[in-house]
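Required output: the full structure, derived from the provided sequences and hints.
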Amino acid sequence: MTATYIARSSAIASRVLAGETMVMSVLDSTFFTLNEVASAIWRAADGITPLHEIVARDVCHEFEVPIDEALADAREFVRELSAHGILQISDQPILPTVPTIGTP
Amino acid sequence: MSLLHEMNERALAHGVPLSVHIDVTYRCNERCGHCYLDHDDHGEMTTAEIKSILDQLAAAGTFFLTFSGGEVFLRRDFLELVAYARQLLFNVKVKTNAVMIREREAQELRRLGVEQVQISLYSHRPEVHDAITRFPGSLAKSVRAIRFLKAQDIKVTIANVLMKDNFADYKGTQELAHELGVHYTLDPTVTPKMDGDRSVLGLRVAGESLPTVFRDESLVGDVAAYCAPPPAPGDDIMDGYPCSAGHTSCYITPYAEVFPCVQFPIVCGNLRQQTFEEIWRNAPQFHEVRSIRARDLTTCSGCGHVGTCSRCPGLAYMEGDMRGPSTADCEKSFYRTGIPSENMRRRGLTAPPPAGLVQIGSLPA
Chain A
0 MTATYIARSS AIASRVLAGE TMVMSVLDST FFTLNEVASA IWRAADGITP
50 LHEIVARDVC HEFEVPIDEA LADAREFVRE LSAHGILQIS DQPILPTVPT
100 IGTP
Chain B
0 MSLLHEMNER ALAHGVPLSV HIDVTYRCNE RCGHCYLDHD DHGEMTTAEI
50 KSILDQLAAA GTFFLTFSGG EVFLRRDFLE LVAYARQLLF NVKVKTNAVM
100 IREREAQELR RLGVEQVQIS LYSHRPEVHD AITRFPGSLA KSVRAIRFLK
150 AQDIKVTIAN VLMKDNFADY KGTQELAHEL GVHYTLDPTV TPKMDGDRSV
200 LGLRVAGESL PTVFRDESLV GDVAAYCAPP PAPGDDIMDG YPCSAGHTSC
250 YITPYAEVFP CVQFPIVCGN LRQQTFEEIW RNAPQFHEVR SIRARDLTTC
300 SGCGHVGTCS RCPGLAYMEG DMRGPSTADC EKSFYRTGIP SENMRRRGLT
350 APPPAGLVQI GSLPA
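Sequences listed follow chains A and B, in order. According to numbering that gives the first Met the number 0, the residues represented by the first sequence are 0 to 103, in order. According to numbering that gives the first Met the number 0, the residues represented by the second sequence are 0 to 364, in order.
Don't read these hints as lab results, they were simulated from the structure. Careful: at least some of the hints might be erroneous.
As the list claims (entries may be wrong) - In silico EDC-like pairs for lysine to aspartate or glutamate, Cα to Cα no more than 16 Å straight-line: (1) B:K92 / A:E75; (2) B:K92 / B:E107; (3) B:K192 / B:D39; (4) B:K154 / B:D164; (5) B:K149 / A:D27; (6) B:K192 / B:E318; (7) B:K154 / A:D27; (8) B:K92 / B:D152; (9) B:K163 / B:E107.
To be verified - A short, non-exhaustive set of chain B residues, derived as facing chain A with CB atoms under 7 Å: (10) M6; (11) F62; (12) L87; (13) F89; (14) E114; (15) V222.
As the list claims (entries may be wrong) - Calculated from the model, a selection of chain B residues having no Cβ within reach of chain A, i.e. all distances over 12 Å: (16) R9; (17) H20; (18) A57; (19) G195; (20) N269; (21) H286; (22) R322.
Predicted, not measured: the structure shown is a model, and the values here were computed from it. Glycine included, C-beta positions come from ideal geometry on N, C-alpha and C.
Have a look at this one:
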């Protein structure tokens, strides 16, 4: 099975508010709120940890969900966020991008 | 209920300052006659001080961050501050006159992920706009900047303050916004200067002219709904808060003072002496603002407009009582609906007094 890597887009604004994560695309102002499970995946989306490892470590373990079910839900979730440009998906590790001046 | 509304409710329930407006300077390269600021630098915050405040705001849960001034691009470190704010994952909005934005700045704002830029524009005609800003060529420069920003696909809003001197041009400015492909907002609010000087209020549009704007479908949408008589307020309204100031939002001056709102100049603390958390949680001024419900308002609680009025507690405060009416908003409610406010009735008025008198302050009972 090919590993899937996920990374938060740099074109988002995000904050945790009372346990839920607010995410807004700064490109089209689309606004999302992520529940606890989705927030756990979002926080772990570092571009270098494969999705199945994130799910096993942060979802199945924390929320006591079977791996197959959790992975299917996670794949659906990351596809949706990716379609809105707020999460990058790749079959290769993704290098982080941090906004700094003068370094495109 | 929209997601954003839900988030606002959640922020209110948890006492989170969801939105913060920070003026990074009061210096400006324009000299707009209606501006409420003193443009001299009385010791504005350093880069490090502002970054420290941004750290504190992120920890406090602030999501929406507005950088404004003064003219933000007069600070040489402005883009550095934006970059830092974006690293902290704020949703960043920038308010500017844009005359210093060229292609490079537009590219940087895009690359840094600024969500939107609001640009002050008072007319589509340079002889009107430049006369208000007292900066020859400023309209051309601002419009050029809008084109640079649009080329970067940045969301731009033209913000027009409606005054006597540009009233005749509000449609032309709206058409210019349409041509440029940007949003357009129009606000007839002119506020007293921060030091209490009310002389600028003479620039306000005469109340009799407001219905023209309030009945313009292109501005207000459904005119019948917008201008409808207010429904009787229920307990939800009477137990509600006048606005978000001090509840889920606040304002920070270039001198590190914290106010409930940019239009509510009551100093709640100074970030050079206390942390943001200390001020936000403990300042008596914030507690007082938060304690006010619609039913506590001295005159407005008995007004039929109480649930729909744009009453600004900051403007009321500047009139002398944060629980009292804001005369300018009474006037707007009247000219929007044709129904006198309770404030007017108590003064024996069926229409607001002539505009020139409205500006002075509370009229004798």
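Could you check the structure against the hints above and give me the numbers of any it violates, in ascending order?
1, 4, 9, 12, 15, 16 and 18
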